[in-house]
Amino acid sequence: MPFSLTPKDSSFYPLFTASAQNLVAATEVLDEFIHDHARRRELAVQLRDLEHAADQTTHAIFRRLNTSFVTPFDREDIYNLASDLDDVMDFVEAAADLVILTGLGTLPAEMSQQVSLLQRCAQTTAEAMPRLKSLKDLSDYWIEVNRLENEADKLYRRLLSRLYSGEFDALEILKLKEVADQLEEAADAFEHVANVVETISVKES
Amino acid sequence: MPFSLTPKDSSFYPLFTASAQNLVAATEVLDEFIHDHARRRELAVQLRDLEHAADQTTHAIFRRLNTSFVTPFDREDIYNLASDLDDVMDFVEAAADLVILTGLGTLPAEMSQQVSLLQRCAQTTAEAMPRLKSLKDLSDYWIEVNRLENEADKLYRRLLSRLYSGEFDALEILKLKEVADQLEEAADAFEHVANVVETISVKES
Amino acid sequence: MPFSLTPKDSSFYPLFTASAQNLVAATEVLDEFIHDHARRRELAVQLRDLEHAADQTTHAIFRRLNTSFVTPFDREDIYNLASDLDDVMDFVEAAADLVILTGLGTLPAEMSQQVSLLQRCAQTTAEAMPRLKSLKDLSDYWIEVNRLENEADKLYRRLLSRLYSGEFDALEILKLKEVADQLEEAADAFEHVANVVETISVKES
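Residue numbers (my numbering), protein chains in the order written: chain A, 32 to 236; chain B, 32 to 236; chain C, 32 to 236.
Calculated from the structure, these hints are not laboratory results. Here a beta-carbon is modelled for each residue, glycine too, at the ideal position from N, C-alpha and C. Among the hints, a few may not be true.
As the list claims (entries may be wrong) - Distance condition first, Cα-Cα at most 25 angstroms in a straight line; then the derived SDA-like pairs of lysine to any residue:
{"id": "1", "chain 1": "A", "residue 1": "Lys-234", "chain 2": "C", "residue 2": "Asn-97"}
{"id": "2", "chain 1": "A", "residue 1": "Lys-185", "chain 2": "A", "residue 2": "Arg-151"}
{"id": "3", "chain 1": "B", "residue 1": "Lys-208", "chain 2": "C", "residue 2": "Glu-141"}
{"id": "4", "chain 1": "C", "residue 1": "Lys-234", "chain 2": "B", "residue 2": "Asn-97"}
{"id": "5", "chain 1": "A", "residue 1": "Lys-208", "chain 2": "A", "residue 2": "Ser-196"}
{"id": "6", "chain 1": "C", "residue 1": "Lys-208", "chain 2": "A", "residue 2": "Gln-213"}
{"id": "7", "chain 1": "A", "residue 1": "Lys-234", "chain 2": "C", "residue 2": "Ser-42"}
{"id": "8", "chain 1": "C", "residue 1": "Lys-185", "chain 2": "B", "residue 2": "Asp-80"}
{"id": "9", "chain 1": "A", "residue 1": "Lys-164", "chain 2": "A", "residue 2": "Ser-99"}
{"id": "10", "chain 1": "C", "residue 1": "Lys-185", "chain 2": "C", "residue 2": "Lys-167"}
{"id": "11", "chain 1": "A", "residue 1": "Lys-185", "chain 2": "C", "residue 2": "Glu-73"}
{"id": "12", "chain 1": "C", "residue 1": "Lys-208", "chain 2": "B", "residue 2": "Thr-133"}
{"id": "13", "chain 1": "C", "residue 1": "Lys-167", "chain 2": "B", "residue 2": "Asp-105"}
{"id": "14", "chain 1": "C", "residue 1": "Lys-208", "chain 2": "B", "residue 2": "Ile-131"}
{"id": "15", "chain 1": "B", "residue 1": "Lys-167", "chain 2": "B", "residue 2": "Ala-157"}
{"id": "16", "chain 1": "A", "residue 1": "Lys-234", "chain 2": "C", "residue 2": "Glu-203"}
{"id": "17", "chain 1": "C", "residue 1": "Lys-185", "chain 2": "B", "residue 2": "Ala-75"}
{"id": "18", "chain 1": "B", "residue 1": "Lys-234", "chain 2": "C", "residue 2": "Glu-73"}
{"id": "19", "chain 1": "C", "residue 1": "Lys-167", "chain 2": "B", "residue 2": "Ala-75"}
{"id": "20", "chain 1": "B", "residue 1": "Lys-167", "chain 2": "B", "residue 2": "Val-233"}
{"id": "21", "chain 1": "C", "residue 1": "Lys-167", "chain 2": "B", "residue 2": "Thr-102"}
{"id": "22", "chain 1": "A", "residue 1": "Lys-208", "chain 2": "C", "residue 2": "Glu-203"}
{"id": "23", "chain 1": "C", "residue 1": "Lys-234", "chain 2": "B", "residue 2": "Asn-111"}
{"id": "24", "chain 1": "A", "residue 1": "Lys-167", "chain 2": "A", "residue 2": "Gln-154"}
{"id": "25", "chain 1": "C", "residue 1": "Lys-234", "chain 2": "C", "residue 2": "Asp-105"}
{"id": "26", "chain 1": "B", "residue 1": "Lys-208", "chain 2": "A", "residue 2": "Ile-131"}
What the hints assert, rightly or not - Restraint-style ranges between C-beta atoms, simulated for each label pair:
{"id": "27", "chain 1": "B", "residue 1": "Asp-212", "chain 2": "A", "residue 2": "Gln-52", "range": "30 to 40 angstroms"}
{"id": "28", "chain 1": "C", "residue 1": "Ile-131", "chain 2": "A", "residue 2": "Glu-203", "range": "20 to 30 angstroms"}
{"id": "29", "chain 1": "A", "residue 1": "Ala-69", "chain 2": "B", "residue 2": "Arg-79", "range": "45 to 55 angstroms"}
{"id": "30", "chain 1": "B", "residue 1": "Asn-97", "chain 2": "A", "residue 2": "Glu-63", "range": "46 to 56 angstroms"}
{"id": "31", "chain 1": "B", "residue 1": "Gln-52", "chain 2": "A", "residue 2": "Gly-134", "range": "35 to 45 angstroms"}
{"id": "32", "chain 1": "A", "residue 1": "Val-76", "chain 2": "C", "residue 2": "His-66", "range": "31 to 41 angstroms"}
{"id": "33", "chain 1": "A", "residue 1": "Arg-72", "chain 2": "B", "residue 2": "Gly-134", "range": "47 to 57 angstroms"}
Whenever a hint applies, use it, and build me the whole structure from the sequences.
See below:
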């Protein structure tokens, strides 16, 4: 793509950055949620609000996509990037909601480590989004997110190993797995975001 | 896409409509299945027959795709639309089969509400498919399916909340979740269909 | 695509073949793993090594994709083919790991039948990959993999039916399902590989 006939709509970039910053905020609230029993209901409401804000950013991107004649990347990639960022938020919000509706109390340490990894994924992603404009120095970002997702996989296995160690009964395992699976899917979704950014970089380079 | 050099093959449209009408029939049978214990085995056979019919429509679309020189939309979108419609049918059929093979009896009211939402998704989708030809008035359709899928999500959470309320033991929860997850995936698959239609509309507009 | 201006990079083909042959090796090790209790830890290590080898092949494909000016197929299809082959390996390796970390002993016969089907999928796929170059005689391959995946679906349902027959308690069902679900996902991932090959063939024909 050596040149373009019309100036490209640059207004997608701040929306992607806003979407990723929402995830930084949400994973911070989730971290508090995990540790602070007494405030769980209040923090779950905060997460629901952040999820609504994320939805609005996602739909702003889709609306712009529908009305822009020229887009900075392939329409499909913009669509996937926005959807995958939105997916992360959905999994983060669902994790907290499932803790509440299964009535879980103190959570295994491995689960709070899962959340720490998600926080690092969110920060790395939010720092990378403004570089989408120049498409420079993005490979460090997707390599780091892939590394974090690998760590998250290992942690998830370690958690499963503990869940089946005899410490928990079937009902507790079921409840804990509801939450652990959402956290694991959030890490996967961060990797999907990184994969789309890699795809965009490959196409445009 | 202001004009096309050759007449486009219009024979894809009736196949998409047939595929969606199959889903109207299947979700109606599933609704009967949920309420009428005595006829479950017979209705499950009907669902299997509808699933075979759906498979044949899907493969007719794929064959046409392989032999058409010009297609009304991008090949990939035709492929995705056919596959996603087929996915809905697979989840609907699986839900009924899992009720039978787990030996579940009366199902929670939330589950029959899940099926009602699927019926509305199917009707909305079947009404929209004939409008693919003109690509007019489709936004109402995908907005409505997105709304129904949101409702389905909330209902699914309400169902989980009930499953973990203490009313059910671990084995019952496992069985009910096998079914509930298929119904939830069917709702998601209807949303995927709507997303493909939105993508087609955006590209062609 | 009647002609190309530059000679296409043919060096993708041996990498796809290597990736599929890795899956032949892995499904063979998984078969031994299922039957030979005493060697499970040792065989799980072999599977982890095969998974690392697969990762390296996948990344070799991605690197080549980033540096090739002209590719034999659409970049996206190369990306998907490599990713989907990699997914199969991840599910195969995870299945073995989950047997170990849930502490399962003898596994139901249906599970060893699932693995036999995966072996046949791997062999069929490895035989087809060298034909990607000519794009000839590939339809037999994807038809056969679709058939095997259908068989795998039926087998999975038969396994679920047995798991819920009363023979197992909730904890055992949970453990067995962890493994069975990975095997089922591996079969699905083989079908995704076949779908990408079908897509490539359709586009290029």
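The hints, checked one at a time:
1. A hinted pair counts as satisfied when its Cα atoms are at most 25 angstroms apart, and Lys-234 (chain A) with Asn-97 (chain C) qualifies at roughly 8 angstroms.
2. Taken as a hint, the Lys-185 (chain A) and Arg-151 (chain A) pair is honoured in the structure, with Cα atoms around 16 angstroms apart against an allowance of 25 angstroms.
3. A threshold of 25 angstroms between alpha carbons decides the hint, and for Lys-208 (chain B) with Glu-141 (chain C) the separation of about 22 angstroms falls inside it, so the pair holds.
4. The hinted pair formed by Lys-234 (chain C) and Asn-97 (chain B) meets the criterion: a straight-line CA distance of about 8 angstroms does not exceed 25 angstroms.
5. About 14 angstroms separates the Cα atoms of Lys-208 (chain A) and Ser-196 (chain A), which keeps this hinted pair within 25 angstroms; it holds.
6. Between Lys-208 (chain C) and Gln-213 (chain A) the CA atoms are separated by roughly 18 angstroms; this keeps the pair inside 25 angstroms, and the hint holds.
7. Among the hinted pairs, Lys-234 (chain A) with Ser-42 (chain C) is consistent with the structure: their alpha-carbon atoms are about 19 angstroms apart, no more than 25 angstroms.
8. The suggested pairing of Lys-185 (chain C) with Asp-80 (chain B) holds, with an alpha-carbon distance near 15 angstroms, which does not exceed 25 angstroms.
9. For the hint linking Lys-164 (chain A) to Ser-99 (chain A), the alpha-carbon distance of about 17 angstroms falls within 25 angstroms, and the restraint holds.
10. For the proposed pair Lys-185 (chain C) and Lys-167 (chain C), the alpha carbon gap of about 30 angstroms is over 25 angstroms, so the pair is violated.
11. Among the hinted pairs, Lys-185 (chain A) with Glu-73 (chain C) is consistent with the structure: their alpha-carbon atoms are about 19 angstroms apart, no more than 25 angstroms.
12. Taking the CA atoms of Lys-208 (chain C) and Thr-133 (chain B), the gap is near 14 angstroms; set against the 25 angstroms cutoff, the hint holds.
13. About 24 angstroms separates the Cα atoms of Lys-167 (chain C) and Asp-105 (chain B), which keeps this hinted pair within 25 angstroms; it holds.
14. A hinted pair counts as satisfied when its Cα atoms are at most 25 angstroms apart, and Lys-208 (chain C) with Ile-131 (chain B) qualifies at roughly 18 angstroms.
15. For the given pair, Lys-167 (chain B) sits about 15 angstroms from Ala-157 (chain B) by alpha-carbon distance, which is consistent with the 25 angstroms threshold.
16. Between Lys-234 (chain A) and Glu-203 (chain C) the alpha-carbon distance is near 48 angstroms, which puts this suggested pair outside the 25 angstroms criterion.
17. For the suggested pair Lys-185 (chain C) and Ala-75 (chain B), the alpha carbons sit about 15 angstroms apart, so the restraint of at most 25 angstroms is met.
18. Note on Lys-234 (chain B) and Glu-73 (chain C): the hinted pairing is violated, with a Cα-Cα distance of about 53 angstroms set against a maximum of 25 angstroms.
19. Proximity of Lys-167 (chain C) to Ala-75 (chain B) is assessed by CA-CA distance (about 40 angstroms); at most 25 angstroms being required, the pair is judged violated.
20. For a cut-off of 25 angstroms, the pair hint linking Lys-167 (chain B) to Val-233 (chain B) stands: about 11 angstroms separates their Cα positions.
21. For the suggested pair Lys-167 (chain C) and Thr-102 (chain B), the alpha carbons sit about 23 angstroms apart, so the restraint of at most 25 angstroms is met.
22. Using a Cα cut-off of 25 angstroms, the hinted pair Lys-208 (chain A) and Glu-203 (chain C) holds, with the two alpha carbons roughly 15 angstroms apart.
23. Under the criterion of a C-alpha separation no larger than 25 angstroms, the hint pairing Lys-234 (chain C) with Asn-111 (chain B) is consistent with the structure, at around 15 angstroms.
24. At most 25 angstroms may separate the alpha-carbon atoms for a hinted pair to count; Lys-167 (chain A) and Gln-154 (chain A) meet this at roughly 18 angstroms.
25. Proposed proximity of Lys-234 (chain C) and Asp-105 (chain C) is supported: the alpha carbons are some 9 angstroms apart, at most 25 angstroms.
26. Note on Lys-208 (chain B) and Ile-131 (chain A): the hinted pairing holds, with a Cα-Cα distance of about 18 angstroms set against a maximum of 25 angstroms.
27. Hint check: Asp-212 (chain B) to Gln-52 (chain A), Cβ distance near 32 angstroms, so the stated range 30 to 40 angstroms holds.
28. Distance hint check for Ile-131 (chain C) and Glu-203 (chain A): the Cβ-Cβ separation is about 22 angstroms, which falls inside the suggested range of 20 to 30 angstroms.
29. Checked against the given bound of 45 to 55 angstroms, the beta carbons of Ala-69 (chain A) and Arg-79 (chain B), roughly 52 angstroms apart, stay inside it.
30. For the pair Asn-97 (chain B) and Glu-63 (chain A), the beta carbons lie near 54 angstroms from each other, so the given range of 46 to 56 angstroms is met.
31. A C-beta distance of roughly 43 angstroms is found between Gln-52 (chain B) and Gly-134 (chain A), which places it inside the suggested range of 35 to 45 angstroms.
32. Roughly 53 angstroms separates the CB atoms of Val-76 (chain A) and His-66 (chain C), a value that falls outside the hinted 31 to 41 angstroms.
33. The hint said 47 to 57 angstroms for the Cβ distance between Arg-72 (chain A) and Gly-134 (chain B), and at roughly 37 angstroms that hint is violated.
The earlier numbered hints that this structure contradicts are 10, 16, 18, 19, 32, 33.
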